[in-house]
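Full structure from sequences and hints, please.
Residue 1 is where the sequence shown starts when you use the numbering used here, and the numbers rise one by one after that.
The set of hints was computed from the structure by calculation and includes no laboratory data. There's no promise every hint is true.
[What the hints assert, rightly or not] DSSO-like cross-link-like pairs, simulated, lysine-lysine; straight-line CA separation at most 27 angstroms:
| # | residue 1 | residue 2 |
| --- | --- | --- |
| 1 | 90 | 61 |
| 2 | 13 | 160 |
| 3 | 140 | 22 |
| 4 | 193 | 165 |
| 5 | 168 | 193 |
| 6 | 160 | 223 |
| 7 | 165 | 13 |
| 8 | 223 | 19 |
| 9 | 22 | 223 |
| 10 | 193 | 171 |
| 11 | 160 | 140 |
| 12 | 168 | 61 |
| 13 | 193 | 81 |
| 14 | 22 | 81 |
| 15 | 168 | 13 |
| 16 | 13 | 171 |
| 17 | 61 | 193 |
| 18 | 171 | 61 |
| 19 | 61 | 160 |
| 20 | 193 | 160 |
| 21 | 140 | 223 |
| 22 | 81 | 61 |
| 23 | 223 | 13 |
| 24 | 13 | 140 |
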Amino acid sequence: MQFAEDIRRIENKINEYQKAGKLMFASSSFQTHSIPMLHIISIIDNTIPILFLNTGYLFPKTITYKDQIADLYNLNVIDVKSATPRNMQKDYNGRLLFASDPDFCCHLNKVQPMEPYLQQYDIWINGVRADQNANRANMKEEQATPQRAMRYHPMLPWTKQMIWKYIKENKIPQHPLENEGYTSIGCEPCTRKIDPTMMQDERMARWFGLNKTECGLHTELIK
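Here it is, written out as structure tokens:
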């Protein structure tokens with residue numbers, strides 16, 4: 001099996017953390033390409049909590065897919081939401097923040113809800129890959145956060161081709177929006193279908209037309 005060495009590498013690291021008494025959690029956006037990491041975690045230890053940041057703006061099909069994957073691999077998924085209600089996420093003119101200040105919208109719905117977990121836990125497992133963008137290409141396998149937790153990036157050396165090969169080999173169900181032309185799926189107001197100009201960077205379909213490629217989880221919550 002091509003991926004046996006990678007799975008063993010990840011298992012050894014997780015075992016190392018466990019032997020040291022480290023408290024771990026993982027996070028996932030439950031896009032198709034996020035699931036190989038969750039599948040591997042389910043093989044190693046499916047009791048590790050998986051945080052799902054439910055912004056309130058996600059596609060309904062993402063919620064359905066999350067539930068499907070959680071049931072299929074018996075994952076311990078925890079829904080996490082912002083402490084700021086949606087009706088208060090507006091600017092001075094009454095416009096919703098995703099339209100007027102998407103950075104602050106992401107901060108309220110993703111960064112702030114994650115911060116308490118980084119104080120409570122020792123290890124944050126997340127699925128960033130170096131081939132996704134320039135910011136992630138500069139990351140290391142382990143990096144500190146501004147809080148207590150250490151980040152662990154087990155999928156960092158994986159390529160998009162490896163992800164899709166793993167999905168095929170393990171018959172992992174795909175997000176239903178994949179067949180509708182979506183490749184990088186976030187919040188509904190800030191996600192569009194991919195077009196030929198985006199083929200080299202699937203994340204261009206997020207926050208299209210804005211000088212923005214990250215939600216803040218991998219820029220604000222990393223040293």
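* Take a quick look at whether residue 13 and residue 160 sit within 27 angstroms of each other, Cα to Cα. => holds, 23 angstroms
* Asked: Holds or violated: residue 165 with residue 13, Cα cutoff 27 angstroms?
  -> Within the cut-off at roughly 23 angstroms; holds.
* **Proposed proximity, residue 13 with residue 223 (alpha carbon, max 27 angstroms)** => Holds. Residue 223 to residue 13 sits at ~21 angstroms (cutoff 27 angstroms).
* Asked: Is it true that the CA of residue 160 sits at most 27 angstroms from the CA of residue 223?
  -> Between residue 160 and residue 223 the Cα gap is close to 25 angstroms, so the pair holds against 27 angstroms.
* To do: Take a quick look at whether residue 168 and residue 61 sit within 27 angstroms of each other, Cα to Cα.
  => holds, 21 angstroms
* Pair hint residue 193 and residue 171, alpha-carbon separation not exceeding 27 angstroms -> holds, 24 angstroms
* Given pair status - residue 223, residue 22, alpha carbons within 27 angstroms -> With Cα atoms ~20 angstroms apart, residue 22 and residue 223 stay inside 27 angstroms; holds.
* Taking only the CA atoms, is the gap from residue 160 to residue 140 under or equal to 27 angstroms? -> holds, 18 angstroms
* With a cut-off of 27 angstroms on the C-alpha distance, tell me whether residue 81 and residue 61 pass. => The hint holds at about 18 angstroms.
* Is residue 140 within 27 angstroms of residue 223, Cα to Cα? -> holds, 11 angstroms
* **Satisfaction of hint between residue 193 and residue 168, Cα-Cα up to 27 angstroms** => holds, 23 angstroms
* To do: Sort out whether residue 61 lies within 27 angstroms of residue 171, counting only the CA atoms.
  => Judged against 27 angstroms, a Cα distance of about 19 angstroms means the pair holds.
Checked against the numbered hints above, the structure breaks none of them.
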